[in-house]
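Chains as they are written, first to last, in this note's numbering: chain A, 1 to 271; chain B, 1001 to 1455.
These are calculated hints, taken from the structure and not from any lab test. Ideal placement from N, C-alpha and C gives every residue a C-beta, glycine not left out.
Beyond 12 Å from chain A on every Cβ pair, some chain B residues (computed):
(1) T1010
(2) L1119
(3) A1201
(4) R1298
What follows is a set of in silico ranges between Cβ atoms, one per label pair, in the way DEER data are often shown:
(5) A:A252 <-> B:S1295: 51 to 59 Å
(6) A:N180 <-> B:D1114: 32 to 40 Å
(7) A:L189 <-> B:S1087: 26 to 34 Å
(8) B:A1071 <-> A:V37: 50 to 58 Å
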Amino acid sequence: MSLVAVTRSEYTKQFSTVGWWVLAIVLVVYVAFTAGVLALVFGGVASGRLTGNGPTPQTEGLAGLVYSSASGVGYVFPLLVGTLMVTTEFRHKTLTPTFLATPRRGVVLGGKFFVGIVVGLLYGILGSAAAVAAGAGVLSIFGVDAELGSPDTWTLVGRMLLAFALWALVGIGVGTVVRNQVAAIVIVLAVTLFIEPIVRTLGGLVSGFSEVVKWFPSAASDALVGKTIFGAMSSGGSGSLDWWVGGLVLLAYAVVFLVIGLFTTWRRDID
Amino acid sequence: MPEGQVLELTGLTKRFGAVSAVDSLDARVEPGLVTGFLGPNGAGKTTSLRMLLGLVRPTSGTATIGGKRYADLASPLQTVGAALEASSFHPGRSAANHLKVYARAAKLPISRVDEVLGLVGLSDVAGRRVGGFSLGMRQRLGLATALLGDPGVLVLDEPTNGLDPEGIRWMRSLLRHLAEEGRTVLISSHLLAEVQQTVDALLIISHGRLVFQGGVEDLADPDEYATVVDAPDRAALSALLDERGIPYQLLRNGFTIRHLEPVEVGALAAGAGIALSNLQSKGASLEDIFLELVSGVRVHASAGGTTVPAATPTAGIPDAEAPAPVPTAAVPAESVPAAAVPAEPVPAAAVPAESVPVEPGPGAEPAPSTAMVTVAAPAPALRAEAPPAPTQPEAPRSSYSVASTGVIDVVPPAQTATAPPAHDGTATADAVPADTAPGERAPGNTSTDDGEVQR
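Using the sequences plus the hints, can you model the full thing?
Written as structure tokens, this is what we have:
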């Protein structure tokens, strides 16, 4: 089966360069820092050791909120790694030998799809572990229950793994549509760091706007995960999708991008 | 042993907007031969190869490998090995991992990776990142990628780019070896001189159109010869030629007169009382023919599918008693060195000693043609010893000699007839490093590539 061979090839390709673990290290550090700081702030305020401005949050469910920062802020990493899986091939012209080995180009994209899931899950595991380790550690300092024994926590982690895998697929889709590596990275960072947060903040302020905003990929991702710092901090929590709808929306983004790419750039002449 | 396949291009056309990169190209590449795919930069070589390999979609026409399109091949890497550019690598991936990626995709055993790395001489750097590789090492790695599936067809785009002379020679012998095993070997280049020693057959394209298809030996027209003549008093000589209405070109080493035997030119000069310093016949230069073909000055019948029977540019033999054209068979195998060649039909015995190229390095600049002017011919003695060349026993590739027969012979000034056998010729041969096989062509199309002063 040629798809199996291609997937094995893509797997070797993905893990034979340093890119994946450099991004993984940044992901772990970033998520651990975020989760630690959130645990410090929320845990400190909830336990009364720090004085907050607003109403004191409940300690219940606080751990989940802290842990969800893994996907809340870390989703850009599987997105990036997925994008790079495709744009690197264009950038280093490795698409030539790739398509020589596998002239059926759709199969190549299929192989990337499966490896994208693997890398996404791996990043999910690393991100969740970092968030849980840092968050639980800081929370326990304040005497707040880390809820490590709670099934809710592990459901949350499971959904985050799913979100990470889906984000990697969205990344592959983006990379297939935007071949230029620099352009793709700029687009990914601009959308995830600026456009979406701003639009989602506005969505919380203007009535009716949230009906649109909830279909945005990061909103769908948050819906899938269930808890989100963003949702906790922005006032309007009205329009949020069901978790499984959120997952399907994210998958739909990935599939739409992949199909567009498959019928445009992926079919183009390789030179 | 994988079988070589016939590569066939039929009406292959690629247009980019209004520009035709490749224009109804019809060509056939046979197994068991090294075929050179030549054309100047931008002639459409790479685009044609990419269409053959399914990377570029033809606007019209087909390109098949053993009758199948590339995309329809059951196991592509085991059928066709291709190296298209020296930069298709992720710089951060090691050479071994690069090959492993494609071995996996083609379901080849991973042991093949070490095999091909050894084959191209990269075993020592297998674990090093490709980013630190020199161009020559990348070329080798590209070749290793092509050889990964032990394919019956090899398609290499400018394979000798960036290789050192030793590497080029290695590449040539490897390609020859692969072709002798019955594989199809297609290599592109924009330099005829670069592939001339390696290839058996040629496809030449220019502006996307085929301008020549056939053996290297078909390239030159047997009628194509010229006489090079020089005199200390050039003014008198040019006046004489002008007076007789003989067209000529003034080159660095003398006047080149087409379609006129040295004997006629010599008689003419003698009649006018002009002392000559040089009178010689030269065959057509393949490089010149190549350039004329690609520039459209010359049109070859093979562009329409026919080929010209094999022939060699014959030397006009200056000797009165020698019948004019040397039969083709006599010329092969001896690669005429840049140094002197006897004035007569080349005796077989004399040839091997002289056939050592002065410079084995490929891509070498043509040796300056002035060399031949200074050498006195050892002719008489040699001629006495050996009868006019019979058919050469070793003549595997007549094409090579054709290329080198820029100078067939040197006519010494009149007194050489009585001069003792000059040892210059042999001395030259001795002095030359003997490491090059006689089968190899002498570099350069002596005397023809010099800067031409058009008059």
